[in-house]
Structures are given as structure tokens and as C-alpha cells.
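Trainee: What follows is the residue order along each chain.
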Amino acid sequence: MAITSIKNLKEFSTTNDRFEGAHTLCPGCAHSMIVRELMNCTDDNLVIATNTGCLEVSTAVYPFTSWDTSWIHIGFENAATAAAGAEAMFKARKKKGTLKDNNASTKFVAFGGDGSTYDIGFQWLSGAIERGHDFTYICLDNENYANTGGQRSSATPIGATTSTAQAGSHSYGKKEKKKDLVAIMAAHGAPYVAQLAPNKWKIMAKGFQKALETEGPCFINTVSPCCTEWKFDPKDTIGLADLATDSLMFPVYEIIDGHELNILYRPKNIITVEEYMAAQGRYKHLFKPEYRHIIDEVQKQVNKNWEMLQRREEARI
Amino acid sequence: MQDLRLLAQAKRGQRGLENKSGLVGWDEVTQGTVLPSFEGDATNIANLKSEERAYSNFNSYTATVASWRVKKPVFNRDICIDCQNCWVWCPDSSILSRDKQMLGIDYDHCKGCEVCVEVCPTNPKSLLMFGEYTELEEALAQWPEKKKKEK
Amino acid sequence: MAEKFDLQEREVWDGNYAASQALRQAQVDVVAAYPITPSTPIVENYGSYVANGYIDGEFVMVESEHAAMSGCVGASAAGGRVATATSSQGFALMTEVLYQASGMRLPIVLTVVNRALASPLNVRGDHSDMYLGRDSGWIQLDAFNAQEAYDMTLCAFKIGENHSVRLPVMVHQDGFITSHTAQNVYPLPDEVAYNFVGDFQPLDDMLDFSRPVTYGAQTEEDWHFEHKARQHKAIIDSRAVIEEVFAEFEKLSGRKYKRVESYMMEDAEVAIVALGTTVETAIVAARELREEGIKAGIVAPRCFRPFPYDAIREALENTKSVAVLDRSSPGGAMGALFNEVSAALYTTANRPLVTNFIYGLGGRDFSVAEAKRILKEQKAHAEAGHITTDIQQFSGLRGPKLGFFQTKRG
Numbered sequence: 033m034a035i036t037s038i039k040n041l042k043e044f045s046t047t048n049d050r051f052e053g054a055h056t057l058c059p060g061c062a063h064s065m066i067v068r069e070l071m072n073c074t075d076d077n078l079v080i081a082t083n084t085g086c087l088e089v090s091t092a093v094y095p096f097t098s099w100d101t102s103w104i105h106i107g108f109e110n111a112a113t114a115a116a117g118a119e120a121m122f123k124a125r126k127k128k129g130t131l132k133d134n135n136a137s138t139k140f141v142a143f144g145g146d147g148s149t150y151d152i153g154f155q156w157l158s159g160a161i162e163r164g165h166d167f168t169y170i171c172l173d174n175e176n177y178a179n180t181g182g183q184r185s186s187a188t189p190i191g192a193t194t195s196t197a198q199a200g201s202h203s204y205g206k207k208e209k210k211k212d213l214v215a216i217m218a219a220h221g222a223p224y225v226a227q228l229a230p231n232k233w234k235i236m237a238k239g240f241q242k243a244l245e246t247e248g249p250c251f252i253n254t255v256s257p258c259c260t261e262w263k264f265d266p267k268d269t270i271g272l273a274d275l276a277t278d279s280l281m282f283p284v285y286e287i288i289d290g291h292e293l294n295i296l297y298r299p300k301n302i303i304t305v306e307e308y309m310a311a312q313g314r315y316k317h318l319f320k321p322e323y324r325h326i327i328d329e330v331q332k333q334v335n336k337n338w339e340m341l342q343r344r345e346e347a348r349i
Numbered sequence: 209m210q211d212l213r214l215l216a217q218a219k220r221g222q223r224g225l226e227n228k229s230g231l232v233g234w235d236e237v238t239q240g241t242v243l244p245s246f247e248g249d250a251t252n253i254a255n256l257k258s259e260e261r262a263y264s265n266f267n268s269y270t271a272t273v274a275s276w277r278v279k280k281p282v283f284n285r286d287i288c289i290d291c292q293n294c295w296v297w298c299p300d301s302s303i304l305s306r307d308k309q310m311l312g313i314d315y316d317h318c319k320g321c322e323v324c325v326e327v328c329p330t331n332p333k334s335l336l337m338f339g340e341y342t343e344l345e346e347a348l349a350q351w352p353e354k355k356k357k358e359k
Numbered sequence: 247m248a249e250k251f252d253l254q255e256r257e258v259w260d261g262n263y264a265a266s267q268a269l270r271q272a273q274v275d276v277v278a279a280y281p282i283t284p285s286t287p288i289v290e291n292y293g294s295y296v297a298n299g300y301i302d303g304e305f306v307m308v309e310s311e312h313a314a315m316s317g318c319v320g321a322s323a324a325g326g327r328v329a330t331a332t333s334s335q336g337f338a339l340m341t342e343v344l345y346q347a348s349g350m351r352l353p354i355v356l357t358v359v360n361r362a363l364a365s366p367l368n369v370r371g372d373h374s375d376m377y378l379g380r381d382s383g384w385i386q387l388d389a390f391n392a393q394e395a396y397d398m399t400l401c402a403f404k405i406g407e408n409h410s411v412r413l414p415v416m417v418h419q420d421g422f423i424t425s426h427t428a429q430n431v432y433p434l435p436d437e438v439a440y441n442f443v444g445d446f447q448p449l450d451d452m453l454d455f456s457r458p459v460t461y462g463a464q465t466e467e468d469w470h471f472e473h474k475a476r477q478h479k480a481i482i483d484s485r486a487v488i489e490e491v492f493a494e495f496e497k498l499s500g501r502k503y504k505r506v507e508s509y510m511m512e513d514a515e516v517a518i519v520a521l522g523t524t525v526e527t528a529i530v531a532a533r534e535l536r537e538e539g540i541k542a543g544i545v546a547p548r549c550f551r552p553f554p555y556d557a558i559r560e561a562l563e564n565t566k567s568v569a570v571l572d573r574s575s576p577g578g579a580m581g582a583l584f585n586e587v588s589a590a591l592y593t594t595a596n597r598p599l600v601t602n603f604i605y606g607l608g609g610r611d612f613s614v615a616e617a618k619r620i621l622k623e624q625k626a627h628a629e630a631g632h633i634t635t636d637i638q639q640f641s642g643l644r645g646p647k648l649g650f651f652q653t654k655r656g
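Chains as they are written, first to last, in this note's numbering: chain A, 33 to 349; chain B, 209 to 359; chain C, 247 to 656.
Quick caveat, the hints were computed from the structure, so don't treat them as lab data.
Some clues are possibly wrong.
[Said to hold, decoys possible] Here are some, though not all, of the chain C residues that point toward chain B, as calculated from beta-carbon distances under 8 Å: (1) 351; (2) 456; (3) 457.
Backbone N, C-alpha and C define an ideal beta-carbon position, used for all residues, glycine too.
Whenever a hint applies, use it, and build me the whole structure from the sequences.
Mentor: Here it is in C-alpha cells:
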């Protein structure tokens, strides 16, 4: 059974998994928590396209698939377009009446990591959103190319060390700010854009449902703590997501029709960026005296961003 | 019955595309690497529980990653409040819940990440990690008492 | 239901229009496209047929050719008829996805209006793009004029969508010379054309939720080889289906096609092997030379992939000297067509002499006079019993004569 309104976790737990185990994602990986929840929050037919990346190489290794619904992977960059093409075919066949079941509710979803979403697949995503296809793109943002050993992406935050933006005696790690993809997607005028987090499962499930129900292109950025590359104990994945949302490094909010911003989660006790960073090996070097100013810099940016989000929400435009 | 397996058990260990001499040859691989997830009509799959489904041998449901595990979570039914935190956050679809009740762990799919233990809110926890070869009774016998709140 | 389109028994169409009419008659469900010169009108026309109700389909104008082919892959896996068009740089950009389409065995039809690849930038016709696709696992059919562009496009759907084939198909025509030159074209009536192509028969349909399927699984060293072998067998075996489809098409249209076209080859001693519009130029040259007593003939692969190794051998085994013309810069090798024709001829008892001409790059004109000169050169080789020139020569090039490699062997 799937449910339309998720009241509580007990009720949610009666849904039947459509994302199967024995995939080969790392123990404790948040990707599968997010994907499972997307597939469990609806009982509509799903066509899912996935970019090359951790999720793809771990869930469809011949001759096994972990997907209980139609699924396609083409390349690193083009899941948005694969979903768009399938959606166009759905419309064409619906017109002609050549679908097996012309009345079944069918949704189109694309998954990509931040590498394939923020970087290499950016153009394909932008194109598919601009064209107005009725689909939902979900970015599993773990802020690096985890599948290939942790290179920097344009989603990697300042100060994190990666294999291609390394911390060392002359470097504090990545020097550039994280690209604000949520704002860019909202600027496309997409009807529903959100940033969600798996620790806030109910907000995330509702966001997913809203995106699936919204006609037109929707974009959701999800924080996916990566124990392997952020360097923390796999058991702490949800704890890390808590630190991410409560430090406001990953504020949880939605933007409707490109302008109406709603903050979906307001931490009761906002914690410092320092506390968030201290829990991860990728920021370890920032705690050396010569790099501590970077932590302060990030804290300033986070404060500014939170201020901006709150003002935009208050503006009610 | 803590280690309950609500599983289409007969399917476990089935391998897609293997014959007596090992992996099949070029003439028997699926066309275009396409993999069907189920056998027979799967129209209603969202409304079927695992044990009611006709998984194909290509479905990873039939496979196991148990060998990844060094330690295993053990479930103590007596303490569990069925909050389903473990169910929603298990990254390996390994928490077996039915009718709002947590019933056990799918040890073929559990990789031992310990997330379920970490998110368990009871005191003491209803899920704890034990050595892979610890028997259930042995584990339950070692279960800690309720911890007093630290001041 | 789609609106009725008025057609005359004889139309004056250029190659682009002819190809787009084939897409309309096949009632293609989805075209995902990013127009590029000289193929632009093919997808523009499809868009206008959709806009005016002549097709119940979806025209998706995407943001790049890579996305065009990506959209086609997604659409095709979703169980309907799919086509697009491209040329040159666009073809190069979609190359990554060409391999994915064929590996997933998706019967997409790609009409390629052949154009040179930059650098230097050039919009005119040569076969660089066609050659770039030669290892991509697609069936490649070559049309030499507008009528054939129409005929081959209809045949392409029927070949690729056949369940024993299930491969994507390219239909090539020469940029501008075919694509933009209006010629007489005799279309089939709409019903006849549609019934020839038939309803699309889905296989592993992503929109059939009674049987969810996974497309694009990863295969490593334990499975990849077997899949590529199976795919190769499928394209080699498609020869039989191609011949069946051509035979059926002949019954409807009276126009006969073969995997390798031969002109005046019954008693030919010298021959040109070429692709595209050059074939018609060469035929004129051969006819004129026959009046001078030179037994010249022309051989043209209609089907570039699967390469007609068998039929090429049959067509050329009794010749004495053959010139193989490659309209693509070979980049440090012999021309691809030369290599493949030579390989086929090496297995004949007679082993004719074979030379290679690189010609017509970037749309450089290829004249009847030049074709005659090349054939006469073959005659000289035949009489000498060995190749009397460089084995590879550039034809129609300004500046000092350019050629490479010599042999005195027979």
C-alpha cells in the first residue's frame, strides 16, 4: 500500500519498497534513503532516469537491478533529457491511445549526483526544465564526485578538501563558493523547487509528493551526507544531516513558481558551522590556526544566506 | 521470532544468467542489457509486499551483500516501540516492517552500517550491534539496562 | 487522427523535404532535435506537420544535439517510433549517445545530411560525419538522391524496428547536393507508406508497467564482451532483413534496391567504388567511357553498415583495377572505404588492383571529367599489371600533386 497523505512514520512504514536491497552503495549511504523515500511516497507508475554516478553504478550492475519500476541510464549528463524524452513519448502515445493502460497515473523522475547535476549535466537539466516537461529532477548532493574518489564539483563548499582541491601547507582546500543551484533552478521559473534533507523525512516526503503532483518541471536538491568522502562514521549519516540542516549549511526550503519562498524547517537551536565541520574529516585542516578564518568566513556566508531566505519569505511575493 | 524473514525466500541466491558451467555466453545475455525486474504481470507491484511478489532472477532482491558485514544489528522486540525510525532510514531496505510493526532484519541485505542503531530512540536501544557470529539468545542476554539520564 | 496531407503522384522535393515526408508518413511519435545546417529543414518540417495536425506526435526542440539523441533514447525506450536529423558538428556532439542507442538496441532513425567536420569550419557536404558513425553499431543506409532519401527513410523504420534487428538506423544523404536540390520524387500514397512501415511494435517498453525494465545497466569485463558480440551479430545478421525490406519496397514502388548497387558491372574491367551523389557522377563518366571502349562500371554500397563484405566481393571480383573514393579526410591512414573494399577483395582469387582517392572534402566539386580520368588511370594500371601511380592520391586538390605509397607488385 502506498499513501497519499503521510501522517506519521508508522503509517508511512506500511508502504512497500520499490527500491530493493543488495545494491552496492556504501554502508550508511544517504542516496538510498532518499531514493527509497521518493519511491515509497507514491504508488504511481514511475519512469526513473539516472545519471552516471554512485547511484547508477550501484543499482544496475548487470545482471542485477534494484529498481522495481522502469529505469534508464544513458550517460553522465543526460538523465534529465532521458526523462524528458520518455515523457514526450508518454504524451504522444496517450494521444494515439497506444499505451497499455491509458489511464494509469505515471510520473517521470530523474536522479543525478551533484557532479552530474551542477557540472556536467547542467545544460541538459536547464534545457529540460526550460522546456516545461512534466518531470521531477532530484539531485543527490554529496558535494563531490564520490563515485570516482572524491573530486571537487561546483557543489563542493569552500574549505572542504577533495582530491582535486586539496588542503595542504599552501591550501585550505576548495577556494570557490558552492554554486547556488536551487536559486538558478528557481530562476528558470520552475513551478516547484526545493532543498530537502533525509533527516527531515516528513518534510522530504511531502516535498517529493508536491513535486510529483505539480504539473511541469520540478527540481529538488537533497543533502546526501557521504560517509566515504566527508569522512565520518557510516552510522552517523542522519546525525550529519541533522548538523547540516541545524547549522543552516543546508537550509530546508521551497520556492514556488520562481518567487514564493517558504522555509520548511527552522532549527530550534541553530548550531555553528564549526560544529558541523568538526564532525567531518574533510574539514579537519580548517581547525589549524592558519585556516581558522575560513570557518568564520563560511559562518558569515551562512548567516547572510539565512537572512536572505528569511527576508524573501517575509516579502511574500 | 526476532530474526523473522518476511521474504520470498526461495528466490534468494538465485542468479540471473548462470548455468552449470558458469556465466552464460553471448547468445543468452538479454538483448540490449535490458533487465526485467519481475516475472509475470507486475502491474500492481506498489501494492504487493515483498513476500507476495514474483521477483525475477535479475532483481537484486534475490542477491545478498551479507558478506560486507563485520558486525550485525540485533533486534530486541521487547523494547521496541515501533517508531519506524530504523525503517525510514535504513539505506539497504533491510528493516522488515509489516502493519506498523517492526519485525526484524533482512540479514541478506543488511551491510551492518549501524544507522538503525543510531536512530533508535528507546532506552536502552532496541537495536544493538553484535559480532556477526553472536547467537540471538546470547545477544539478548547481554542487553544493557536502561541508562539513567546524565545530569 | 492526423489530418490528410495532399500529395501528387510526382512531387518536386529536395532531399530534406523528401526525408521529412517519410517521417510524416511513418507517423513518428517523437522527434527530439537540435537543427543544424544542412539538415535543418527535416526537423523544421516535422515540427510544422505537428503544428498543423498532420502528425499526432511530439516535437521536442532541445538545447543541443547530444540532448537530441538523449531525448530520442529516452523516447525510444518508452516504446514508440522515434527519429531525428543531424549533420557534421551536431553528429559529432551526439556521438556518445549513438553508441548508447545501439547498445540498448533502440530502433531510432537518424537522417544524416552529410557535412564536413571542422576545423576549419565548413557547412558543405563530405562524408566525415558518416565515417565518424561507422563503428557506432548503427545500420547506415546511403541515399544518392532525393528519391532515395525518401525511400531509404521509409525502409529504415521497417528494418530497425524489426524485432530480429532492433537496431538504430542512419539514412545518409549528401549535404546541399542532395538535401537542397529539388528533384522529381515519386512518393507512395500515405496509407501505402504507413502500411509498409506498419504500427510500431514495442519491445521492453518502459511505459508497460506490467513489466518494469531496467535500461542501461553497467557491464564490466564479465559481461561487456558478450553484449557487444551479440550486438555485432545482430547487425551482421540484419543483412537478410534489409534485403527482405528492399524486396517488399520494390513490390510497392517498383524501385529496386540492393545492399550494394552495381552499374554496368557485368563485364567491367575497371570500376569506381563510391558513396553518395558521386555515384551518379561516376555513372555518367562510365557510360561515356564505354563509348570509348573502356569497360567501366560503378559499385556503390547502399548499406555502409553492416558493411557488405560479401556483396562487394561478388561485385568486384572479376575486375582488374578498382578506384575507391573516400570523401573524408583520412587523418594519417588510407580511406576507410578503401580499407574495407581492399579487405573484401583480398579474399578473392583474382585480387584486382585497388587505389584510393581522397576527394570532394568540404563540398569540393567532383566532376564527370575527373571520374573519367580516374577510370582511365585504372585502365592503365590494368594494362601495366601493377599500380602505376601513388596508391593514395588526392583528387581535385589545388597545388602540387599529393599522393602516398607505391607498389610495383601485381
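Trainee: Now look at each hint and say whether the structure bears it out.
Mentor: Cross-check of the supplied hints:
no., hint, result
1, 351, "3 Å, holds"
2, 456, "4 Å, holds"
3, 457, "6 Å, holds"
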